[in-house]
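A.B. asks: Read off the chains here:
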Amino acid sequence: MLGIAALQPYLIAAFFLWAALMKLLSRRMRSQAGRTALANLVGPARAIPAFRVVAGAELVVAFLLLVPPVLPAVLPVGALAAAAMSAGFLAYLTYSYRAEPASSCGCLGAHGKPVDWRSFARAGSLLVLSVSVFWAPLPSWDALALVVVAAEALALLALSPELDRHWLLPARQALVRLRRPLAVPDPGQVPLETSLRLLYLSPAYCTASARLTSDVQDVWEEDGLRFASYQAGEHTAVFAIPLAGEPTGVKVALV
Amino acid sequence: MTTRRQMLRSAVLGGGASVVAATALGSLGAEAAFGAAPPQVEPGTPDPDFAEGRIRSIKDNVLLVLGSNMVFHNIRVVDGTSLWKLGPVAFDQAKPGDGLYARGVRMPDGVLAAESVWLNIVNIKGHVSNITSEKIHLDHNGKDVLCHVVPGRSVAVLSDAPPSSDLSTLRVGQHVQILGAWRPDTNEVDIATVFSPH
Amino acid sequence: MSNSPPIDLLGPVQGEVSWFCCGTAWGPCSSTGKGACGTCNSGSMQHAWPNTSDACWAITRPDVCGDALSRRTCGFRHRTTSLCGGASVITSIADCGPQTDLFCGERSCCGSTCASNRLIDLTPAAYSKIASLSTGLRPCEISTA
Numbered sequence: 001m002l003g004i005a006a007l008q009p010y011l012i013a014a015f016f017l018w019a020a021l022m023k024l025l026s027r028r029m030r031s032q033a034g035r036t037a038l039a040n041l042v043g044p045a046r047a048i049p050a051f052r053v054v055a056g057a058e059l060v061v062a063f064l065l066l067v068p069p070v071l072p073a074v075l076p077v078g079a080l081a082a083a084a085m086s087a088g089f090l091a092y093l094t095y096s097y098r099a100e101p102a103s104s105c106g107c108l109g110a111h112g113k114p115v116d117w118r119s120f121a122r123a124g125s126l127l128v129l130s131v132s133v134f135w136a137p138l139p140s141w142d143a144l145a146l147v148v149v150a151a152e153a154l155a156l157l158a159l160s161p162e163l164d165r166h167w168l169l170p171a172r173q174a175l176v177r178l179r180r181p182l183a184v185p186d187p188g189q190v191p192l193e194t195s196l197r198l199l200y201l202s203p204a205y206c207t208a209s210a211r212l213t214s215d216v217q218d219v220w221e222e223d224g225l226r227f228a229s230y231q232a233g234e235h236t237a238v239f240a241i242p243l244a245g246e247p248t249g250v251k252v253a254l255v
Numbered sequence: 001m002t003t004r005r006q007m008l009r010s011a012v013l014g015g016g017a018s019v020v021a022a023t024a025l026g027s028l029g030a031e032a033a034f035g036a037a038p039p040q041v042e043p044g045t046p047d048p049d050f051a052e053g054r055i056r057s058i059k060d061n062v063l064l065v066l067g068s069n070m071v072f073h074n075i076r077v078v079d080g081t082s083l084w085k086l087g088p089v090a091f092d093q094a095k096p097g098d099g100l101y102a103r104g105v106r107m108p109d110g111v112l113a114a115e116s117v118w119l120n121i122v123n124i125k126g127h128v129s130n131i132t133s134e135k136i137h138l139d140h141n142g143k144d145v146l147c148h149v150v151p152g153r154s155v156a157v158l159s160d161a162p163p164s165s166d167l168s169t170l171r172v173g174q175h176v177q178i179l180g181a182w183r184p185d186t187n188e189v190d191i192a193t194v195f196s197p198h
Numbered sequence: 001m002s003n004s005p006p007i008d009l010l011g012p013v014q015g016e017v018s019w020f021c022c023g024t025a026w027g028p029c030s031s032t033g034k035g036a037c038g039t040c041n042s043g044s045m046q047h048a049w050p051n052t053s054d055a056c057w058a059i060t061r062p063d064v065c066g067d068a069l070s071r072r073t074c075g076f077r078h079r080t081t082s083l084c085g086g087a088s089v090i091t092s093i094a095d096c097g098p099q100t101d102l103f104c105g106e107r108s109c110c111g112s113t114c115a116s117n118r119l120i121d122l123t124p125a126a127y128s129k130i131a132s133l134s135t136g137l138r139p140c141e142i143s144t145a
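Protein chains in written order, with this note's numbering: chain Y, 1 to 255; chain U, 1 to 198; chain E, 1 to 145.
This is chain Y alone, in the form it adopts within the complex (with noise of 0.2 Å):
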């Protein structure tokens, strides 16, 4: 158990590393910045220095959790400051949920998705993770220990919704080419839809279009062809539309 506390403060300081350096570096995530809820909080003229400020700190709280090796009294500063980080990432995501349900939160990357229980459910696990620094040791490297981090490493990744587009998504894709779920079979029917863009190629609708005046009142079949009624001003326009055909082949009267 010790081992595993032993190992906490380099998990916490590469998501604090990560987080910074996207805030930094990522040119997406400054053109997406307006549109997160900090910006909404500061103003959009402050967001980017704003999460350069909050950069800046979240580089400070990894220096001191990587740092206690050569200077273990650093370790509880380390400790107390990824909390405070922590506990201030939870009250800044319950603004960005209550106050700004559409806006992204901005935390580790652009992804333009807002506030969700995967945020809290990072955010709230790295505080948890804080605080059990402050009971580590100088860290020991048994294998237990470096299982244990890395599933809590992969844990903290599943739960970041800015890396989908690396893992969810085409696992996602996967599963579609393998079920193949909306292949249906042949219908027998001809989509109404269908008929109608068919109908909007159409000499006859080009020529009649500014006529109408309503949308499709009616609609049937008969014949291998669709008959589509609309209202053209004090008179009703309609086409026969070939089931299978082209447009050349629709009809339209004005009666």
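Errors might be hidden in some of the hints.
Heads up, simulated BS3-like pairs for lysine-lysine below, C-alpha to C-alpha not over 25 Å straight-line [to be verified]:
{"hint": "1", "chain 1": "U", "residue 1": "Lys143", "chain 2": "U", "residue 2": "Lys85"}
{"hint": "2", "chain 1": "U", "residue 1": "Lys85", "chain 2": "Y", "residue 2": "Lys113"}
{"hint": "3", "chain 1": "Y", "residue 1": "Lys113", "chain 2": "E", "residue 2": "Lys34"}
{"hint": "4", "chain 1": "U", "residue 1": "Lys135", "chain 2": "Y", "residue 2": "Lys113"}
{"hint": "5", "chain 1": "E", "residue 1": "Lys34", "chain 2": "U", "residue 2": "Lys143"}
Derived by calculation from the structure, the hints in this document are not laboratory data.
On the provided structure of chain Y, position chains U and E as indicated by the hints.
C.D. replies: Frame of chain Y; chains U and E shown alone:
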């Protein structure tokens, strides 16, 4: 209804043409029509000949609609009015709680004589976040909208290609536009058309 | 911003027009808000333009599709003419959009007249003036008004 359909069918098969000649319009020639066109509504302002809101009640052939700006509209539906609810429907398909857009002519008594009514119509763009059995999960402005494929009705339009009932060409992660009918008081939509750029 | 000159600088341009809802309306529109200009309403004669600001441009990037467009700000008026029948509507900018770069190369046709790339989004009130809402997407010509 059958008699009217028979009459229209006879007209288009008997006297119909591939194009509408100017003479076929009679007194409704283009010059007269465009000359009589109503003046443009001031840009940026509400169009009095358009209504938006949710149906509160239905009495005879009049829909009482409460707009999102808290204004009530009385919308009269007549024989020539088209109604859309995932496709052309009869008046009895309109229900209280349905979302509505309507275009027509505003009468002096304030009633909107509707030419077209669209019930629950939505036109939403977003990323396909997942595809499950006959459902497309759409990330629309950060909100998850569950879009149902309706067999025999839903089609995919890939750029200017003919529409297809086979939606299996759609990919998780791609951007699409979905035109469909919202299921009131849910985050779910029935798909009429999926527009995909490729 | 793009280095190419805007295609709408010297005359009308052709592209695709779609529609979107805004304001505190029903359905999936309920959380959309009043748009980038703070005034957008589904019942008003308004539209979204892909180049209302640097932040807007960064999202829509019409230049990626080869269609750099002029910077026009909230309230600017455009005329959108349907290439299907010739009906037109004049609207003012109330929001940023559409996301042109996500639909690059997409084409819409009416008869043999086609246009590519989404260049403008109208409110339902405006779109229904030139086409039925159920069409969803139509080719159009855009000019200043």
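A.B. asks: Next step is simple, just say for each hint if it's right about the structure.
C.D. replies: Here's how the hints hold up against the structure:
With a C-alpha separation of about 23 Å, the suggested pair Lys143 of chain U and Lys85 of chain U falls inside the 25 Å cut-off, and the hint holds. Distance hint between Lys85 of chain U and Lys113 of chain Y is unfulfilled; the C-alpha atoms sit about 31 Å from each other, more than 25 Å. The straight-line distance between the Cα atoms of Lys113 of chain Y and Lys34 of chain E is roughly 19 Å, inside the 25 Å bound, and the hint therefore holds. At roughly 21 Å between alpha-carbon atoms, Lys135 of chain U and Lys113 of chain Y fall within 25 Å of each other, so this suggested pair holds.
At roughly 17 Å between alpha-carbon atoms, Lys34 of chain E and Lys143 of chain U fall within 25 Å of each other, so this suggested pair holds.
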